[in-house]
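So the sequences go chain by chain: A and B.
Under the numbering used here, the final residue of the first sequence carries the number 788; numbering is consecutive throughout.
Under the numbering used here, the final residue of the second sequence carries the number 328; numbering is consecutive throughout.
Accuracy of the hints is not assured; some may be wrong.
[Unchecked claim] With the Cβ distance kept under 8 Å, some of the chain B side facing chain A (calculated, not the full set):
| # | residue |
| --- | --- |
| 1 | Met210 |
| 2 | Arg239 |
| 3 | Ser242 |
| 4 | Leu246 |
| 5 | Ser249 |
| 6 | Lys255 |
| 7 | Leu265 |
| 8 | Glu267 |
| 9 | Phe269 |
| 10 | Arg286 |
| 11 | Val289 |
| 12 | Ala303 |
| 13 | Ile305 |
| 14 | Leu321 |
| 15 | Gly325 |
Don't read these hints as lab results, they were simulated from the structure.
Owing to the predicted nature of the structure, the values given are computational and were not obtained by experimental measurement.
Glycine included, each C-beta is placed from N, C-alpha and C at the ideal position.
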Amino acid sequence: MNLNAASHRSKKAKMASRFSSKLQRSLLVFMILLGSVGVVIAVPQTSRRFGYILVGLALLAMMPVLWHKRDLKNLPPRSPAKSLDDMLEAGLLAAVIKTKTLTPQSAWEAATRQWQARFLINHLLLNEQEIRSRLSDKATDMTSVWQAATALAFKDNSDQLDGAALAAGLITGSKDAKQYLASVNLKEEDVIETYHWSKRLSDFFDQPKPYFGGIGRDWAAGFTPTLDQFGANISREIEAGGGHFHTLAHADILDGVVHNLGQGSGGVALVGPLGVGKTGLAFALAQRLLEGRDEALRYYQLISLDASSILSASGRELERIILTLFGEAAHAGNIIIFLDEASLFFGKGAGAFDMSQILLPVLQNRSVKIIGAFTPNDWQRLRAENESLAGQLAVVNITEPDPAVTLKIAQDAALTLEAKSNLLVSYQAVTEAYRLSGQFSAELAYPGKAIAMLEQAVPYAEGKIVTAGSVQSAVEKTKGVKVAKAEAAEADVLLHLEDKIHQRMINQEPAVDVVAAALRRGRAGVSSPNRPTGSFLFLGPTGVGKTELARSLAATYYGNERQMIRLDMTEYQQEADVSRLLDAGGEIEKSLILSIRQQPFSVVLLDEVEKSHPNILNLLLQLLDEGQLTDQTGKPASFRNAIIIATSNAGSAEITGRVAAGDALQNFERPLIDKLISQGVFKAELVNRFDEVVLFRPLTEKELAQVALLMLGEVNKTLGSQNVSVKLTEQALIAVVKAGYDPQFGARPMRRVIQRMVEDAIATKILGGQAKPGTVITLDEKDLAKE
Amino acid sequence: MLFELVVWWYGSGWVGAWKDCFSWVKKVQRFFSIDVLLGSLFAPWKRIVSIPGRSLDEKFRAAIDNLVSRVIGFCVRFLVLIVAVIMVTVAGVAGIVMAIIWPLVPFLAIALIVVGFMG
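Isolated chain A (complex conformation):
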């Protein structure tokens, strides 16, 4: 398509651009001033002539003002478009045709004067000059730019080409500009997505102001003073804001709700997980009813009851209030009551009350329309406990929207957030909130969790901009996890993780290597975000370092040894123990769910896993597969930020025997695992779900000596405060190793032996005055305390 600068529309656009806002204001003031003064002074005979002149001039000034207001200001695109000037948005058209030679560079300058292009540049945090410098200055290159821009507009079913479309076309049509995009970690699709975002806002601005009914509307309904006191009128909120800007994820569901309520159904139960958009749907419904399109529900008002303020009353007073609320709603004749978190109105616990006895007759005789928002579990509970009440509500299930729609909803919510906080929420912040909330907010559903994360990021805005970094900071502060890209020092730790672990652990290289590799994958964002950071089955005899490796991981990766949840699975051998493990309100130490909620970034150590009940092993399948477990109330708990380590002594006799016979671990690793599966110790599906099955071999005497020296290092660390240190002679070390090794328990007795033989000897020397500050105590075999 060509650009015809001489077309009627081009000329008009050019003229419209001459009417700067300053000129418009001047003409308007001139017109009003001259007109009013003229009329006043035209009355007396003496100044009548002058008055006529002023009124005449005012009329002349009025003509261009009206022309601009009624014609030039709103130049709709011509459809079907025959040339580019038929499609270009008026402001952009004027800017483009004013350019002598239109090249990508000059087109960029023209586009960036339009708010739509500024929206795109600002929300993508692009460097305007950098892009300009990368664009071509050849007029012939504009053909491909126009093609890209019009393709974008057509894809959006738009017959108008605005500044954002042109800017997006310029960026995506230039190789150099795309290289710049890649350098700031953006893709072509991000630019296109931001164009669609700006287009939605532009369409919202362009749509006529909605009509919500005139002064006769409210006179047709009854008074609702108590409802106004104990509820929030969603309809009035929307009316005051002149409409509700949002992307509707569940248009078909909204039709169903309107149909149900309009057909005389007393109530509707919106059933979906927290954050899925039940409240958003209520807002969309309120707007739709205000628009009066649905005859049966025309101008109905949606009032959300506030459970906490109702609960401030008690006993008979509470009953009276609830009766009054429903009485007013029935009498008013235009009220739909919305029970957000409806379980609070039918519950028995703290912060809840039960009004089902009052509500049932109301629903049965259809006197008030009610919408309740339930989570699936709350709904199931209501059905189980009060079937007759649940039967009165038409169920509408709400599921998470697809990712593309979720992102649109989050983008639109970001604009509301911008208006509230006076900040700019970047595109990158929205996508990062989407990504990280998927990883770290298992308790909520999309789109709510992405929006909640964006809200949390507001205090971490950089300057006046909420960036991806702001979202990462919010997650790091609120969840206590590192999500930003590994910084130099941390990257160094990750790259040399094996060395760090070996500072605390002797040998077991294969185990350390696979675990370190898994952590690096997790931190670099390579591993699946929907599974635990790593999952391992450690097999080997007692006292060879299985638990120590788990502890080292907690210290190295999560920063503290205490970031470890340790469960002795021998305590979970009965079927009834499953519920204890999934308990959402019992002892934290016994409930895996409660522990992980308290410490989501932990090493989860399941000791002697093979001894637990088969049902628990089945749960483990789910945990390893999906990275989450569901508690008894149906709420998920995420293990996606945890490292799962299951240990077992199964096969340890064979490991010990074959290592003693000089066989290398890798030679019998797979046959041993197969044997354990065939013996029914582990199910194949469980073993296959672990990232790695790691065999630990018994420690040699030399390694035991290294373990003893490591433990001695810990003793020295403690003695450091007294400026005293301890050394063992070779003979003393051999004696300690001999005493600290047990064929059955490996190096496990070593800590106790160090305590008794070494620490006791040191204590005696310190108390005997033989160890003054600065002394290095050398202990020989004879100095060691008796075991």
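We have chain A already, so just place chain B on it with the hints.
The following block gives chain B in isolation, referenced to the frame of chain A:
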């Protein structure tokens, strides 16, 4: 530019002036929501009604109360309807007058200036 202004003034501008008659009337009608007022003209004011009791006396009293409520509702809505009708008429007439004098405005302006100068 002047030519384009004149073309618009006697072309789509004038057509727009006629269209304005209808849009002004529609705006006023929407502001007063005349359809709703008419539909609920005889309805009780704010739906305030008495529930009739069992005895004849109570039934009679409820009927009187409801009648009073309906009369109040009727009066208020009727008064507003009268105002609405007046406003709709004013808007319509003003729109028609504006549309009629629209083509004369340029001449009127020039005439006033010329008369002013000529005396």
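Here's how the hints hold up against the structure:
| no. | hint | verdict |
| --- | --- | --- |
| 1 | Met210 | holds, 6 Å |
| 2 | Arg239 | holds, 5 Å |
| 3 | Ser242 | holds, 3 Å |
| 4 | Leu246 | holds, 4 Å |
| 5 | Ser249 | holds, 4 Å |
| 6 | Lys255 | holds, 5 Å |
| 7 | Leu265 | violated, 25 Å |
| 8 | Glu267 | violated, 19 Å |
| 9 | Phe269 | violated, 22 Å |
| 10 | Arg286 | holds, 7 Å |
| 11 | Val289 | holds, 7 Å |
| 12 | Ala303 | violated, 15 Å |
| 13 | Ile305 | violated, 17 Å |
| 14 | Leu321 | holds, 3 Å |
| 15 | Gly325 | holds, 3 Å |
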